[in-house]
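*Asks:* As a plain string of letters, each chain reads:
Protein chains: 6
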Amino acid sequence: MASKYWEDFSVGDAVTTQSITITEAHLVNWAGLTMDFYPLHMDEEYAKKTIFGGRVAHGPLSFAMSIGLVYMTGFYGDSILAWLGVENMKIPAPVRIGDSIRVIARVSEKRETRHADRGVMKFSWDVRNQRDETVMSLDYVLMMYRRPVAVPGSA
Amino acid sequence: MASKYWEDFSVGDAVTTQSITITEAHLVNWAGLTMDFYPLHMDEEYAKKTIFGGRVAHGPLSFAMSIGLVYMTGFYGDSILAWLGVENMKIPAPVRIGDSIRVIARVSEKRETRHADRGVMKFSWDVRNQRDETVMSLDYVLMMYRRPVAVPGSA
Amino acid sequence: MASKYWEDFSVGDAVTTQSITITEAHLVNWAGLTMDFYPLHMDEEYAKKTIFGGRVAHGPLSFAMSIGLVYMTGFYGDSILAWLGVENMKIPAPVRIGDSIRVIARVSEKRETRHADRGVMKFSWDVRNQRDETVMSLDYVLMMYRRPVAVPGSA
Amino acid sequence: MASKYWEDFSVGDAVTTQSITITEAHLVNWAGLTMDFYPLHMDEEYAKKTIFGGRVAHGPLSFAMSIGLVYMTGFYGDSILAWLGVENMKIPAPVRIGDSIRVIARVSEKRETRHADRGVMKFSWDVRNQRDETVMSLDYVLMMYRRPVAVPGSA
Amino acid sequence: MASKYWEDFSVGDAVTTQSITITEAHLVNWAGLTMDFYPLHMDEEYAKKTIFGGRVAHGPLSFAMSIGLVYMTGFYGDSILAWLGVENMKIPAPVRIGDSIRVIARVSEKRETRHADRGVMKFSWDVRNQRDETVMSLDYVLMMYRRPVAVPGSA
Amino acid sequence: MASKYWEDFSVGDAVTTQSITITEAHLVNWAGLTMDFYPLHMDEEYAKKTIFGGRVAHGPLSFAMSIGLVYMTGFYGDSILAWLGVENMKIPAPVRIGDSIRVIARVSEKRETRHADRGVMKFSWDVRNQRDETVMSLDYVLMMYRRPVAVPGSA
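Chains A, B, C, D, E and F, in that order, are what the protein sequence lines are.
According to our numbering, the first sequence holds residues 29 to 183 in order.
According to our numbering, the second sequence holds residues 29 to 183 in order.
According to our numbering, the third sequence holds residues 29 to 183 in order.
According to our numbering, the fourth sequence holds residues 29 to 183 in order.
According to our numbering, the fifth sequence holds residues 29 to 183 in order.
According to our numbering, the sixth sequence holds residues 29 to 183 in order.
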């Protein structure tokens, strides 16, 4: 894994992830792990009577898979210290079983902290399906390691 | 599942979930499902050299399991139409393998929408471990069904 | 989780669970966990030559998911001490991939034990599919906690 | 898989399965699949205050894994038509995380049915842990295929 | 599990396994466990533009499931000490979602080692689908236990 | 995912993957998916009497996770057409629960095929644990896409 620090990112840097197909197995495994068996996601009979007309993926599942898709690009390297949250989430369209999603992640904001060894990085995420429709957008905020400063006179 | 509508919740209503122990299996299954194999969560050798001193649960895992814990209480009934996002997330302490977490969820805000059949509901979540320390807090926002209005003169 | 005791149940009390769709992923995950790869459940080629005409869910899978469906209703609260078994199981129809099942559970019998702190509770379960056909029926027997008796003169 | 029929079993025939260690992962995967997150199995903090002193495996998990252990021996061959239920279940001791279980299964009863192509077979199961203690015993009842009868004069 | 040793196998001995249907859930679970999310296996949009015309199972998945299929026949008994590798693998046709595979395994070579308690056994595997087409062939090599030699004069 | 072709690799190119800790959950999930419940991997009681002194990871599990670890580095980009097999596998030491493994993969051989659009690539893999001991080595062979040739006068 590439060594990467807060200093190595510039506002505007962007990456597009691979795409992945959301399957029934994802929904079943997700519900089992998170205990969220809400019938809109797990009961076809219930779901087909809603405005969605059938089961849709849990929103947090699309969100969590987006985290992994961006991780796998290597874009972060090993710069992450902690997750600080998610802001401005919008879910303009449902993700259905059989849809394929990918993420376009862009550095939207950097800021220093009162700790010299840590910086905050905000990414703007645009999650799109196979028809290039945005299914989720949000700001993803991370605390990152800063590059250690060489001390003059030290080894 | 109990029929419940936006009208059935009042600001201040609260529920405390059961507790669940976070295991190594949760981390492994989570990473596999979401593709987030960041070494802080998956590589003990890497993690023990960080400030955490060992593997910690993915933040989004604690978040997603909290969703399920609240779901299982039956607090929502079948009132949910869609997830609108999460705000003001704070993660004051890590969740480690072997920790047990529970959620205290409280209705913090209600508002009408321009659609007569839908209302917004904001919940304040306090996720605590077995030592009663807050490990995550956030505002969880849902779109809910409103109770159908009886039309005078109709059936 | 609500505090509930053996004393809080009366013969005739009943609950209907949410419904859940049985998927191919349930069968695959079940076989992997329980080591039951019998071809009627796991091999479409074999199964389509049987009287069922295709793969059917393992009977114990429908049974085990019924346990969870009832659990999630909160009907038991935290009253359960131990599982005592299952009686009079009947499986009048197969559960196929894509079927959705729910459980109607009714208290059918209560009895005291020689221990003042425990009571036996028998539930009658009717597991139905989306066409309202019974796919499994059985008596489910639990040992429950009894309500602690206040001792006069104690705190 | 060996062709085997109801005729091929005699009362007293027995098989001992391999042994398998019950892990935390089994409990987590089981709960996720069956939706049974009862805290005795899933919350160490709750469980250690019970008479068990810690998390124990779900009874139906030991039962279902026993089904698979017997299946894997090849004892049944492809003789099974349907599961008819379980009788006389007793759970004399809990199965804890780290215990290893195996099954001794013995044919205890055979009977014909009104259908010439099917017979009922009852097995007596004794599930034991690594200290040779019985942790579960039950009668397992199956409907089996009977050997097709050669018709005189046919090919 | 039957006690079996290197001495109990002869060149030419063979076994045919049961068949199992490869499902979308197998691919999703495999990718999650092994971290191999290559889009040919996980992204229908990508896969349908390749020469395969759609997602195909990971080759190592077919291989690993073949290991289990042979294991379940009981052919090896408890003779295995260690896996020594795989040789001459050929993959003449893809395994698609919905295909059912089985293995014909045949002892092709035996040889002694310099350790009197161990022998090498080579198996030739032919993995076939439901149309009886070979989808994988390989030589599977195992180190096996040899039968302990009775020492004259000892107990 | 970066566009990459057979032409983009040179003998000697190498990559080192992140490390991952092998857990009990990996073994349980692996066995369930592949049906390989050999007691050396799944039964602590059996395994502790072998020369290994306890359960060890399935060799094919370490192999398959190595595939994923290399995939996640992005080293291949989208160059892979098909897996051609594995050669010269050696397993000098067992992988135990709690060990962390990483892979050093190096291009060891390239060769053209009779198809102008495909080339063969051989990688030498060295899988090491947290004590820098080699636990598996092998040659991994892939069929890759070649870079499309611009045709003079076209486009």
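Treat the hints with caution; some may be incorrect.
Note that the list lumps identical chains together, so a pair holds whenever it fits in one copy or between two copies.
Derived lysine-lysine pairs resembling DSSO-like cross-links, with alpha carbons at most 30 Å apart [unchecked claim]:
no. : residue 1 : residue 2
1   : Lys138    : Lys150
2   : Lys150    : Lys77
3   : Lys138    : Lys118
Quick caveat, the hints were computed from the structure, so don't treat them as lab data.
*Asks:* Indicate, hint by hint, whether the structure satisfies it.
*Replies:* Each hint, compared with the structure:
no.	hint	in the structure
1	Lys138 / Lys150	both (6 Å within a copy, 29 Å between copies)
2	Lys150 / Lys77	between (39 Å within a copy, 25 Å between copies)
3	Lys138 / Lys118	both (22 Å within a copy, 19 Å between copies)
Comparing the model with each earlier hint shows no violations; every hint is respected.
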